[in-house]
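S.K.: Residue strings, one per chain:
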Amino acid sequence: MTTDNVQMWTELGIDLERHDTLLNALGPIYQDIYLSQKNRPEGMGFFDFVVGDIHGIRVHELRKHAIEGNKVVATYCVFVPEEIVWAADAIPVGLCAGTQFSVPIAEEVLPRNTCALIKSSFGFKLGRICPYVQTSHLIVGETTCDGKKKMFEILGEYQPVYVIEVPNKKTDFSRKLWLSEVIAFKGVIERLTGNGITADKLSQATKLVNERRRTLQRLSNLRKARPVPISGKDALLVTQVSFYDDATRCIQQVNALCDEVESRVTAGEGVFPADAPRILISGSPMAIPNWKLHHILETAGAVVVCEESCIGTRNFSDLVSENGGTVEEQLGAIAERYMNIHCACFTPNDERLDDIVRLAKEYQVDGVVHYNLQFCHTYANEAVKVERALEKEGIPLLRIETDYSDEDVGQLRTRVDAFLEMIR
Amino acid sequence: MFDGSILDLAILETGVNPLRRCQQLLTDRSYEGLVVTGYGRHLVAPTIGGRVVSEIGAYAVGARYLYPDCRTVIDVGGQDSKVILLSDEGEVQKFEMNDRCAAGTGKFLEVMANTLEVGIEELGDLALSASKVVQINSLCTVFAESEVVSLIARGEESSAIALGLHQAIATRVAGMVRRIRPKERVVFAGGAALNRCLHQLISEKLGIEVTVPHKPQIVGAIGAALVARGGEVGGGQVIRETVNTLMST
Chain D
1 MTTDNVQMWT ELGIDLERHD TLLNALGPIY QDIYLSQKNR PEGMGFFDFV
51 VGDIHGIRVH ELRKHAIEGN KVVATYCVFV PEEIVWAADA IPVGLCAGTQ
101 FSVPIAEEVL PRNTCALIKS SFGFKLGRIC PYVQTSHLIV GETTCDGKKK
151 MFEILGEYQP VYVIEVPNKK TDFSRKLWLS EVIAFKGVIE RLTGNGITAD
201 KLSQATKLVN ERRRTLQRLS NLRKARPVPI SGKDALLVTQ VSFYDDATRC
251 IQQVNALCDE VESRVTAGEG VFPADAPRIL ISGSPMAIPN WKLHHILETA
301 GAVVVCEESC IGTRNFSDLV SENGGTVEEQ LGAIAERYMN IHCACFTPND
351 ERLDDIVRLA KEYQVDGVVH YNLQFCHTYA NEAVKVERAL EKEGIPLLRI
401 ETDYSDEDVG QLRTRVDAFL EMIR
Chain F
1 MFDGSILDLA ILETGVNPLR RCQQLLTDRS YEGLVVTGYG RHLVAPTIGG
51 RVVSEIGAYA VGARYLYPDC RTVIDVGGQD SKVILLSDEG EVQKFEMNDR
101 CAAGTGKFLE VMANTLEVGI EELGDLALSA SKVVQINSLC TVFAESEVVS
151 LIARGEESSA IALGLHQAIA TRVAGMVRRI RPKERVVFAG GAALNRCLHQ
201 LISEKLGIEV TVPHKPQIVG AIGAALVARG GEVGGGQVIR ETVNTLMST
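Just so you know, the protein sequences line up as chains D and F, in that order. Residue numbering for the first sequence follows this note's numbering, starting at 1 and increasing by one per position. Residue numbering for the second sequence follows this note's numbering, starting at 1 and increasing by one per position.
Derived from the structure by calculation, the hints contain no laboratory data. Hints may contain errors.
Said to hold, decoys possible - Below are the DMTMM-like pairs computed for lysine to aspartate or glutamate, each with C-alpha atoms no more than 20 Å apart in a straight line:
hint : chain 1 : residue 1 : chain 2 : residue 2
1    : F       : K107      : D       : D408
2    : F       : K107      : D       : E387
3    : D       : K392      : F       : E122
4    : F       : K94       : D       : E407
5    : F       : K94       : D       : E393
6    : F       : K94       : D       : E401
7    : F       : K183      : D       : D408
8    : F       : K94       : F       : E110
9    : F       : K94       : D       : E387
What the hints assert, rightly or not - Simulated restraints on C-beta separations:
hint : chain 1 : residue 1 : chain 2 : residue 2 : range
10   : D       : E157      : F       : V142      : 26 to 34 Å
11   : F       : E209      : D       : Q37       : 27 to 35 Å
12   : F       : H42       : D       : S174      : 45 to 53 Å
13   : D       : R388      : F       : R29       : 45 to 53 Å
14   : F       : R181      : D       : V409      : 24 to 32 Å
Just so it is clear, CB atoms sit at the ideal spot from N, CA and C, and this is done for glycine as well.
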């Protein structure tokens, strides 16, 4: 830990003692879960470095950006149209909220029977342990779940928060509402930054974000190979890091990784035996450093080949049309793209069922694991329909409900072992 | 186990050091094959050797061996409860397990027996002696315990409370069974199957006569022993593979 970092954290108002405990815990966990894996692509070195200095170098970059008079905008959800943020010369950063560490802090205020993601994110702010939150000028929330919606009201007492309204249905009326929300968000960002968003700027931003999505698609497609050339854990980490790393650098690094992984596929090299059971994970998001389910699956002999999740395909499958046009036309294209995210906050949301079945086939999976954060009611209830859809296709499903803590790892291992015995 | 007869059997509490417990058990015992199952299987197997089988797999094999027409297994053990659906061939088709809490497990009954000041083995008979029943609304062990304490404070008979507890747990287990759309024969195994009241209530709620084997708490151990022995067990493919590997090494 460099003195540079400590000074920066002090200036950001970080609770140093608590923050030290968090970072000291992360090292051994990362060693155990990531560095102990065999035959990792060399290209993962960059991502190891980024995690090794998780609250250092990237925060310095964001701080520098802020000191130069620019803005940093923190988000929690893939519904926030980041093109608009980039177009105003602000930097969006996807906050993590994936650790048990900040949950007890949040429980001093929030109800216990709230999902771990909500508690973790709130705890980071309340406990002053996340330099990304501290660096940001605005937190953008959204209405994808009732728990978050209400948490944002309380979070707003600590830091400026703006909430985008995501509709709950996919009707024409809902689409109009969403478009007007996207337009309003542009106004919010323009006022925050003092920069007007031009058609040219917006088009550049769209191309940048699309390019990152394309590289993530590229990596995802490489996981279709058998044997699989990269572990699910590593692929998960890449997408997790892409939420807060510099977009241009991220694109370069992911592409370099893909080149290497591609040559592995050509050579028929894999990180798991060709007959290792292939798993699609579907459901709630996995924010960094939530690697729990991937780790359990991959240490039980399975390999995760795809995530139908906000950390996976829902984040990068669809691109915004690059046809350009006026600012209004481009905002329309942006709104259209984001309405295609098949989140369980919508009713009905049968497109997600189609996605799961399609991905299960495309990635030739042996089974689907439905991952549900405890108290995430939308995904828990939608799992009933997921189960029916998969049963119709003869695709085995294991439903898991869990949180960030380790107390249920034994039970989860029993389920996972039995599931793998069943599908092998 | 040899040729289907049990040569030796020991039931011990896990204790605080399951690895040492297992080592003690194996001292002075000779065996041809070893299979480890249950919680702690991944802790024990790397040290003492043996193949690892999940208890879901082990219960499936064990129940199927005892009752070749078994299609559904209910296992209410100490730490969790499970329901397993088997195919005609005896392969695991589907299973359900309780989520993240002790509701519907042996642990729940144990805590409640303590609160009612009876032994765990007497709890079922106490419930069967009840002349009335009180409704227990909570299935969370912690909440249910405080609910029981307030029922005691209200002067309710402990037998009526015990019956209410059994009703609650049986409803929960039966719900889990119905979720997998059970087929007969249904075998009820695990330590809690020794509880006559629970057996009776689960049968009633399902409308199916549920079979409890002799010594239901060792069905998983029998299954594991069968996997170790190899042979004609109609388990899933992995069980057969395990058997094949064991036979060839």
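S.K.: Take the hints in turn and mark each one as holding or not.
M.R.: Hint-by-hint comparison with the structure:
Of the supplied pair hints, the one linking K107/F and D408/D holds, its CA atoms being roughly 15 Å apart against a limit of 20 Å. Annotation: proposed proximity of K107/F to E387/D is violated, straight-line Cα distance about 30 Å (limit 20 Å). A hinted pair counts as satisfied when its Cα atoms are at most 20 Å apart, and K392/D with E122/F does not qualify at roughly 46 Å. Restraint check: the Cα-Cα separation between K94/F and E407/D comes to about 24 Å, which exceeds 20 Å; the hinted pair is violated.
Distance restraint check for K94/F and E393/D: the Cα-Cα separation of roughly 15 Å lies within the 20 Å cut-off, and the hinted pair is therefore satisfied. The straight-line distance between the Cα atoms of K94/F and E401/D is roughly 17 Å, inside the 20 Å bound, and the hint therefore holds. Between the alpha carbons of K183/F and D408/D the distance comes to roughly 30 Å, so the proposed pair goes past 20 Å and is violated. At roughly 28 Å between alpha-carbon atoms, K94/F and E110/F are farther apart than 20 Å, so this suggested pair is violated.
Taking the CA atoms of K94/F and E387/D, the gap is near 12 Å; set against the 20 Å cutoff, the hint holds. E157/D and V142/F have their C-beta atoms about 31 Å apart, which keeps the hinted 26 to 34 Å range intact. Checked against the hint of 27 to 35 Å, the pair E209/F and Q37/D fails, with Cβ atoms roughly 51 Å apart. Taken as a hint, the range 45 to 53 Å holds for the pair H42/F and S174/D, whose Cβ atoms sit roughly 48 Å apart.
A hinted range of 45 to 53 Å holds for the C-beta pair R388/D and R29/F, which are about 49 Å apart. The beta-carbon spacing between R181/F and V409/D, approximately 29 Å, falls within the hinted interval of 24 to 32 Å.
Going down the numbered hints, you'll see the structure goes against 2, 3, 4, 7, 8 and 11, while the others check out.
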